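So you can see what is in the structure, the chains are spelled out below.
10 protein chains.
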Amino acid sequence: MLQTGILNPHVLELIARVRHTNTLVIADWAFPYWPEIETVDISLTKGIPTVLDVLDLLTPVFKIGRIWQAEEFLITNTPETVDRFAKSFGGIPLTREAHVEFKKRVPDAIGLIRTGDATPYGNLVIESV
Amino acid sequence: MLQTGILNPHVLELIARVRHTNTLVIADWAFPYWPEIETVDISLTKGIPTVLDVLDLLTPVFKIGRIWQAEEFLITNTPETVDRFAKSFGGIPLTREAHVEFKKRVPDAIGLIRTGDATPYGNLVIESV
Amino acid sequence: MLQTGILNPHVLELIARVRHTNTLVIADWAFPYWPEIETVDISLTKGIPTVLDVLDLLTPVFKIGRIWQAEEFLITNTPETVDRFAKSFGGIPLTREAHVEFKKRVPDAIGLIRTGDATPYGNLVIESV
Amino acid sequence: MLQTGILNPHVLELIARVRHTNTLVIADWAFPYWPEIETVDISLTKGIPTVLDVLDLLTPVFKIGRIWQAEEFLITNTPETVDRFAKSFGGIPLTREAHVEFKKRVPDAIGLIRTGDATPYGNLVIESV
Amino acid sequence: MLQTGILNPHVLELIARVRHTNTLVIADWAFPYWPEIETVDISLTKGIPTVLDVLDLLTPVFKIGRIWQAEEFLITNTPETVDRFAKSFGGIPLTREAHVEFKKRVPDAIGLIRTGDATPYGNLVIESV
Amino acid sequence: MLQTGILNPHVLELIARVRHTNTLVIADWAFPYWPEIETVDISLTKGIPTVLDVLDLLTPVFKIGRIWQAEEFLITNTPETVDRFAKSFGGIPLTREAHVEFKKRVPDAIGLIRTGDATPYGNLVIESV
Amino acid sequence: MLQTGILNPHVLELIARVRHTNTLVIADWAFPYWPEIETVDISLTKGIPTVLDVLDLLTPVFKIGRIWQAEEFLITNTPETVDRFAKSFGGIPLTREAHVEFKKRVPDAIGLIRTGDATPYGNLVIESV
Amino acid sequence: MLQTGILNPHVLELIARVRHTNTLVIADWAFPYWPEIETVDISLTKGIPTVLDVLDLLTPVFKIGRIWQAEEFLITNTPETVDRFAKSFGGIPLTREAHVEFKKRVPDAIGLIRTGDATPYGNLVIESV
Amino acid sequence: MLQTGILNPHVLELIARVRHTNTLVIADWAFPYWPEIETVDISLTKGIPTVLDVLDLLTPVFKIGRIWQAEEFLITNTPETVDRFAKSFGGIPLTREAHVEFKKRVPDAIGLIRTGDATPYGNLVIESV
Amino acid sequence: MLQTGILNPHVLELIARVRHTNTLVIADWAFPYWPEIETVDISLTKGIPTVLDVLDLLTPVFKIGRIWQAEEFLITNTPETVDRFAKSFGGIPLTREAHVEFKKRVPDAIGLIRTGDATPYGNLVIESV
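First to last, the protein sequences are chains Z, G, V, L, U, E, D, W, F and C.
Its first residue numbered 1, the first sequence is counted upward by one per residue in the working numbering.
Its first residue numbered 1, the second sequence is counted upward by one per residue in the working numbering.
Its first residue numbered 1, the third sequence is counted upward by one per residue in the working numbering.
Its first residue numbered 1, the fourth sequence is counted upward by one per residue in the working numbering.
Its first residue numbered 1, the fifth sequence is counted upward by one per residue in the working numbering.
Its first residue numbered 1, the sixth sequence is counted upward by one per residue in the working numbering.
Its first residue numbered 1, the seventh sequence is counted upward by one per residue in the working numbering.
Its first residue numbered 1, the eighth sequence is counted upward by one per residue in the working numbering.
Its first residue numbered 1, the ninth sequence is counted upward by one per residue in the working numbering.
Its first residue numbered 1, the tenth sequence is counted upward by one per residue in the working numbering.
FYI, nobody ran anything at the bench for these hints, they're computed from the structure.
Bear in mind the structure is a predicted one, so any value in this text is a computation, not a measurement.
Think of the CB as a built atom: it goes at the ideal place given N, C-alpha and C, for glycine as much as any other residue.
Pair by pair, the computed Cβ-Cβ distance ranges are:
#1 Glu97/C to Gln3/D: 48 to 56 Å
#2 Arg66/E to Thr95/L: 33 to 41 Å
#3 Pro35/U to Glu97/C: 54 to 62 Å
#4 Val61/U to Leu94/V: 35 to 43 Å
#5 His99/Z to Gly91/G: 45 to 53 Å
#6 Lys63/W to Lys104/U: 54 to 62 Å
#7 Pro35/U to Gly65/Z: 41 to 49 Å
#8 Val100/Z to Leu94/V: 19 to 27 Å
#9 Ile75/C to Thr95/W: 28 to 36 Å
#10 Thr95/L to Gly90/G: 37 to 45 Å
#11 Arg84/L to Arg66/E: 49 to 57 Å
#12 Lys104/U to Thr4/E: 25 to 33 Å
#13 Glu97/C to Lys46/L: 55 to 63 Å
#14 Arg66/L to Gln3/D: 43 to 51 Å
If we strip away everything but chain Z, and leave its shape as in the complex, we get (with noise of 0.2 Å):
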């Protein structure tokens, strides 16, 4: 059986169809349900998992051309939270905007990953190189 990284089916089976320049959104708990997006919830609880769980996991196997970001991300969450994400970006190319901006995206991406991430602002965009 798969040893390592996502175990996840219905992950595996999404992240294998996002290519080149399609995009994918990691949602936190909070964020809005859009029907027309294939959603694959695996939040369990408030906290359970994270966004950076999620995309700490990709960025081995996936790689990411660009990030995208609420700004609002950066004033409502303490220094520490905002230098946990940046070390998860490392070298990735990110954009922030504001989140009126930043959800309109959404309804481009080819799929949706919801956690139970409690981080406000916590919702990322990511395309594919």
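Since the structure of chain Z is provided, determine the placement of chains G, V, L, U, E, D, W, F and C on it from the hints.
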């Protein structure tokens, strides 16, 4: 939106169908796949989430009448892990039996929640009062 | 098994998908059918269950940010009924508007729970915080 | 629109398929889930609606030839409850038997209507004339 | 089992979904097929059953607020047929309009019941109160 | 469009699948529901349509090799009804047997057409040549 | 079993849904695929069956009000082929138009029957009376 | 587009799934319907297409290891018909057996292609090498 | 069983539906995912299979009228690769255009076959004669 | 997007469901079709891809506890082929048994990946640790 406890739509829907005398499996990352059992897979990776993450969210809202666990659990885990499970079991009647017997209960279950738990023999069968 | 609160699997599954800024309709027995909206029909007969049966079960677990109601509700019901609804609304911000405006909110809702409530203009649109 | 009696589309559709000698289960909130039986779940919460809410709507339009009930019903309920059920049963032939026997009838039923009824042993199996 | 009135499971299920201001088409044998409209086809052959077979079963249980009919109905049928329809319409408000206008109402209907009726322009659109 | 004979799409599709030695049930309004048999329900109400409405449309196009009927039919109906059926049977070989035996043929049928016929023991099993 | 005429269950089911003013395409082997049109593909190989195999089975039972054909048919086929089609058309009103116009009728058709016919521009659109 | 041989998408898809030791039925117009067998119905009418139309398209691309046929075929057909089949069988090993035995092979087949062939006992079971 | 050429059931079924003027995409491993296009994914890993593996199997049986390719293909590949593609294209008319223009053809395609080909700009759109 | 290893969404989803003691079939081009087994068909043509293409991608990420192979493999292949397989098997325990025994393992498998491999007796059953 729902504020606490289980947030996952499919998990909620499943546990609402489990009633008097019905059983439910909470499976670790390695538990065999049973195609004939409705499965909600909320595993992300090894260790996320755990069987007790699920059990601890169930006990406040879902009255469990009995728990089964493989007796091999006792000898393959540290006393700390055994204690951690015991704490979550609380006063719920517990039956330990050989893993080979334990697995015979699975085909009668209403559903199975797959976690990423890496505890050896971490699987549980719970029976509703 | 689940002991209190909402027991219906489909209702639970629906409300777990309604998140930040999403809306939900709680409809009385006569509210038009909207084929394009996911509908959970738990009506049995005229009067069973009521809109407030549903609302009173939601408020302890589901944080509502705002409620809309047709303003015609005020003039077609007795003060006792108006008070009864007000009690259930508690401190949740409430907007009353013409029924014709109220109905324009329905196509954007994530789902609709149909009751058997016979209160004139008893329908509610609730928005998640 | 339909004015009286049963308003629920799925309940109506189900009872229209139950014909001569077919049986139907009206289940209380705690009755086990039987995945192999078509189930219409109109439970909202404990007590809403009741088994007799359903039965009293059926008897005027649906000719019942026989009712089965667990005999444990008699000793776990107050005389008032027993009388209340008797009133709804009217002149329909009634068979009480051990709950363990009663449950053996379920796999042959055409469908099951789940209520929120909290009456101990409140479940009924009804057979169409 | 159901004793009188409409016995067809699909017809019952459909009319239970038609509520305040929703419309329903009762079509004759020749009415165009509208793939986008939910259709219950209970036609057997030319003349079985008729539009009035359906209407006469609906009016005792389903409150109709308004009926539309093609005005061509008046000149293509005998006075006896016109009287027969009028008797079934009773006091329900009736609007006759050009068939080409009448057909524009179909896409907004919740459903269509196809009969075998051979009455020229025998089709009806009914609106629920 | 089709001008005569059977107009119902589902009935036509079913009878086109019934071939050499296959059987088909034409059921009255009260015949038990058999979930495991493909059922085309064209019943509207008690008496519409009848079993002979269906049979008389089948015989010109569908070659029947044999008909089974419950022998109870003979003693529960008037001579006029018996004659009416005999006329429709024509020269097709007919076997009457106890209703309890007749019902054992149903699980092997390819399909069942449900009518609204109220003739006691009006059900037929027909076998294709 | 059915003895003559069209024996294919899906073809029969489709033509029973085509009614007054609805159109149907009978396509040759090369006609473009239209994913949005219900297609019954009874082609086996080039030449089996032909468009006229289908048309000649339809005309005795299905009243056609009008036929459209590409005008290119006239110049790409032999007089014998043109005559053969004319014989099958009989007295049904026929409109020939440029193929590019002809194809614009397809999206409005109720269905398409694909044959293996290799006649250049052999496709037909037929409209029910 | 495909130029020669089998053009039917469903037939192609089926034969691509029939592999070593799997069997396939090529059925005449009258062969019983077997609901449990995947059926591709390309029959149009009696005689179109034939069993040999299918077989002759299969043999160039699909290696057949063995053919079964009912022995009744020999005495119910003319020598010309028997010869015509023999020519199509070529050197493929052929087993003739009583029709009642032949039919026992059907439930193990991967699929059934229904033709309109009117040859008595014209059905074949073919086994892939 | 099928002996040569394309063996994949889904690929065969798809190409049998692509007819005159319809287009098909043969995509490399990185081509964006288009949820609205029927996709047959036969990729295994980077390099298996290739776009030319597919094309070379298509050309003997499927008549291609025209091929489109991104003009970026010419400058991002070695002369050997360009020659290798040219050899497979043979005499089929070829149009090279900017990749951004090339991608606009995708939404009109009947389907997309995804390979594992790692050739930069290796994607093709083929149009059936 | 995923960069290395298995890229096929369905293959990834399947192997993520194969866990402790579950088995998976990797089949060559000729292996019988088992309708009751979930099948991912990535065959393109004879030889593309191979069984070892799949196995070699699995072993780095999927821990195999045991491999079964038909013993006929040894005598129908060259030493080079036998060596090539042995190299891919590495240290995984291997059981060779008669093909007729080997095939009895298939109905218990969780899934089957069909390749185009033309190696005689090239099929494998792998069991997860």
